[in-house]
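K.L.:
The listed protein sequences correspond, in order, to chains A and B. If you count the first sequence from 1, you need to add 75 to reach our numbering. If you count the second sequence from 1, you need to add 75 to reach our numbering.
For the record, the hints were derived by calculation from the structure and aren't laboratory data. A few of these clues could be false.
What the hints assert, rightly or not - Stretch by stretch, here's where chain A covers chain B in the computed footprint (C-beta under 8 Å, at least three residues):
1) 160-169
2) 384-392
3) 407-414
Using N, Cα and C, we set each Cβ at its ideal position, and we do this for glycine too.
2 protein chains.
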Amino acid sequence: MSTKSIFAPQKSANILPVNGVQLSVISCNLKSDSKPDLMLVNMSEGTAVAGLFTQSATTAAPVDWCKKILNQSDARALIVHAGNANACTGKNGTELVKETTKFVATLLDCHKNQVYMAGTGIIGQIIPAYQIINKIDELFNNLTDDAFELASNCIMTTDTYSKGISKIAKFGEQNVIISGIAKGSGMIAPDMATMLCFIFTDAKINSEIIQKLLNRANVKTFANINVDSDTSTNDTILLFATGKIDLEQPITSENDLQLEDFEKKLTEVMLYLALQIVKDGEGISKFITVNCSGAKDENDARAIALSIAESPLVKTAMAGNSPNWGRIIMAIGKAKRDINKKKLKVQFGPYVMAINGGPVPTVDMDAVKKYLTCKEIYIFVDVGIGQRSSTVWTCDLTHAYIDINADYKS
Amino acid sequence: MSTKSIFAPQKSANILPVNGVQLSVISCNLKSDSKPDLMLVNMSEGTAVAGLFTQSATTAAPVDWCKKILNQSDARALIVHAGNANACTGKNGTELVKETTKFVATLLDCHKNQVYMAGTGIIGQIIPAYQIINKIDELFNNLTDDAFELASNCIMTTDTYSKGISKIAKFGEQNVIISGIAKGSGMIAPDMATMLCFIFTDAKINSEIIQKLLNRANVKTFANINVDSDTSTNDTILLFATGKIDLEQPITSENDLQLEDFEKKLTEVMLYLALQIVKDGEGISKFITVNCSGAKDENDARAIALSIAESPLVKTAMAGNSPNWGRIIMAIGKAKRDINKKKLKVQFGPYVMAINGGPVPTVDMDAVKKYLTCKEIYIFVDVGIGQRSSTVWTCDLTHAYIDINADYKS
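Throw the hints in and build the complete structure from the sequences for me.
P.N.:
In structure tokens form, the structure reads like this:
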């Protein structure tokens, strides 16, 4: 495994238990180091569920399964394997999902359409069904409400540290908990999610409404991150609401004023986890925030910011502390959105490099170069045509990215 | 400068003079090493011209100029500077083009709308007009029909070798010459051209017809190459036909049967130059041909092949001789085109890695790994839904790419 990212938090987050959620982890030898790689989550009856999935055309078998069962009924379980994606595994892959969810359903005395599944890891290797199914009894017998940290470790692949967080949201006088875990490091491009993320809350909110809240939070968080512009076959975000905390006034709409703090905290949980994924981006040496303003609409602003965040020439320049802002002009251009070339502005942190579509001759290049040696860099661009803006987050492209990916899998 | 690409031709091509075309080169100190960086081409009266340009929204000043004058009249001159792109240079950049073309027009006794201009190099640095204009007299006095090789060297930037070729095309008993030069190594993505390429012929064919021939040849050549998915502000292909060789039967349509050999040879010239650009891709250690078959239409086939060619995870796997074909599945998926997941096939050279949407268990992995150490790799995919196919060309992503781009420009 690679050295831990320099952006890893100093200490692990304390992830709070959620009423109605029990977890356990075990090794089924999908990871080469015998670390836990199989996770079972059991949720109480009546758990609402919302999901978002990769838009890839080569979705993995567990993604196909979740998309099929979402909206059919409440959720009772989630089973996740790490180290193998169960993608491009033909009939075997579909069978594995069928057998596993059936087995879990029998144990929990529920319907298989209440059992969600996700996977992450190598694409194109078949997992023999027994390898997972043999372990489910033991997982079931060890369920506990206190295993979130173990779970966040279990789902890691090329991640160099585990990712989890809790927030407490208020509904009037009542507190509800939102706890989330995520994994992701490479194959990260913002097309929905590009990673695994599981969020649990004990608030009582129905599936239809939490789906809308999830969609709204997603476009401000996971949709705006990028590590390497590659999109996974397995991206999955699932949000489960066990309903154990019954709210004084039932929530009947996603715009219910009671939801204000909950939506804010949910977005904070998702933003934290999304940024943790970038901060653990394969080979990262710099964390980069790109803000595009002056765009016609938010879509254009996001497309331009992402074009900058995705550009290997911008990312290598950042790795090399190079004030080559011309590459940012290039990346703005290749987004092919409406801009005013004569009003373009480019800024590295506080330093304006270009204004009115041309260079600033008086910029103090020594100061700029010093700024670019910082671990956290801000790139601001203004495209001079409107009032809308968007922020995205990315990392630089370093030798370590190549080392990791030239060697991943024998 | 970087070491010469391992794919550089053993010896420089012999680029044949073209009737009605004279060239000269000089240094105007845009390149740091005082090598020639300014080129003038003079063409005889009545020269037809066709062009293709970057679709970037942040086009450089010379590109804006060429787009404006194309189709206005015949061409008499081309002036090209290397080492500075004259992009994002505001009013100064536009002025430079205006002053330079006017000066050249006066010397050649033609209209400024007959003077084409192109640039390549650093974005966002202003070139003082005198730096170019002071050299034009000398360029003019040294025009010769025998300077194609000097010209192909003059337009290089991060290229590690010069790129040029000639072909002779037959119109019945008559021979015409097609000579082309090109430059390009980084910031190469297939959105029209992504580089500079100038092609000259002495055939008598009008502008309207050579434009159509150029478009048709482009979609089989420059449109299908990729180095790093970044698109330049300065991409330009210009095709000039001096008309010095009068054809027995005038050409009245792009589908005239007389054009058969000419179009074939033009496409060969463009394919050779396009592949030379990939073979000089920044940091290249492997030349990779990606063929997608079984697609619904050619657009889908091309989009899928390009998605594979652009993927940093595929490119780093190829750099590391890694048979991780799962990344090819990922890249097929992220193109989001119509495919049949159950019929997907992936092949490295002769080795079928996946068939019917799942892995081939019997593949001889030692043989595959040995194959992947070759300098030229073929990736074949079949998406199982139709009859159309497309081929694109790319290179791997290596440490050398990062070295070159973390350091380019102080």
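K.L.:
Each hint needs a verdict: does it hold in this structure or not?
P.N.:
Outcome of the hint check:
1. 160-169: holds (count 8)
2. 384-392: With 6 residues in contact (Cβ-Cβ under 8 Å with chain A), the coverage given for the segment 384-392 of chain B holds.
3. 407-414: With 8 residues close enough to chain A, the hint holds.
Checked against the numbered hints above, the structure breaks none of them.
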